[in-house]
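J.: Sequence:
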Amino acid sequence: MEFHGKTYIVTGGNSGIGLAVVKTLLSSGATVHIIDLAASIPPDLVGFEPKSRLHCHSPIDVSSREQVVTVFETITTTSPDLHGIVNAAGTIPDMDPIALPEPDAQFRHILEVNLFGTWNTGSAFLNYIATKHPELKESVSKLPPPTVELASVVNVSSMAAVKTTLGFASYNTSKHAVVGLTKSWAKDFIQRGVRVNCVAPGFTNTPLLLHGVEPAVIEHFLGSATIGRMARPEEIAEVIVFLLSERASYMTGQMVSVEGGASL
Numbered sequence: 001m002e003f004h005g006k007t008y009i010v011t012g013g014n015s016g017i018g019l020a021v022v023k024t025l026l027s028s029g030a031t032v033h034i035i036d037l038a039a040s041i042p043p044d045l046v047g048f049e050p051k052s053r054l055h056c057h058s059p060i061d062v063s064s065r066e067q068v069v070t071v072f073e074t075i076t077t078t079s080p081d082l083h084g085i086v087n088a089a090g091t092i093p094d095m096d097p098i099a100l101p102e103p104d105a106q107f108r109h110i111l112e113v114n115l116f117g118t119w120n121t122g123s124a125f126l127n128y129i130a131t132k133h134p135e136l137k138e139s140v141s142k143l144p145p146p147t148v149e150l151a152s153v154v155n156v157s158s159m160a161a162v163k164t165t166l167g168f169a170s171y172n173t174s175k176h177a178v179v180g181l182t183k184s185w186a187k188d189f190i191q192r193g194v195r196v197n198c199v200a201p202g203f204t205n206t207p208l209l210l211h212g213v214e215p216a217v218i219e220h221f222l223g224s225a226t227i228g229r230m231a232r233p234e235e236i237a238e239v240i241v242f243l244l245s246e247r248a249s250y251m252t253g254q255m256v257s258v259e260g261g262a263s264l
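Under this note's numbering, residues 1 to 264 are what the sequence shown spells out, in order.
These aren't lab readings, by the way, just hints derived from the structure by calculation. Be careful, since some hints might not be right.
[As the list claims (entries may be wrong)] 25 Å max Cα-Cα, derived PhoX-like pairs, lysine-lysine:
#: 1; residue 1: K187; residue 2: K132
#: 2; residue 1: K51; residue 2: K23
#: 3; residue 1: K132; residue 2: K183
#: 4; residue 1: K183; residue 2: K163
Between the sequences and the hints, there should be enough to build the whole structure, so can you do that?
T.: Below is the structure:
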């Protein structure tokens, strides 16, 4: 199997898209480390065998650099060879279009989780790659073209990076920034054997969306989707896992929209 013997980190892996990615990777033979704020293991994964292929690290706040550094020390001690990371941890604001602009505290919180959380875990992973392969610390101008892929990074952005949402200034901004970060990392690490891409999901049937967005708002946006329904987390996960895989070996710096035609 394509992922047999490989090890990946998935942030936000206890629910939604992250959980779907974890299950897809496990079923493909990979070892997975979950980083999540939720303290409990998702019921879907209770009793998974062999236990040596699933490691849950929680509660971990990805917006805390200190917590991320500590958990990476634990992960790399357990699994010295890592092959990729999926940055799926994220949150959404309390939506109240009447109370505009958004409160400062809310704006900062959303960016801390969605942007700085991605930065913290992604840069920790890239630092791990650079430390493991010290020859890659050379100036990019001195590095030869990569002959082997060392790792793959997939960030989770959003349709909001293409089509903004009323009352979601913090979320829209954070997901635009994730696209920019993806492209920057892709450029910085393309000669270091690391591919970096992101997915931009549309409305997806996850606990975060269903508990955080009014049904009327979801209904309004689904009306603009060509397919006319919410995505299943598994549909987004399939694209993410494709980007992780060698099948996407010529893709880097790309934002792949998976939104049922909502941006058309």
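J.: Hint by hint, which ones does this structure get wrong, listed from lowest number up?
T.: The structure conflicts with no hint, since it agrees with every one listed earlier.
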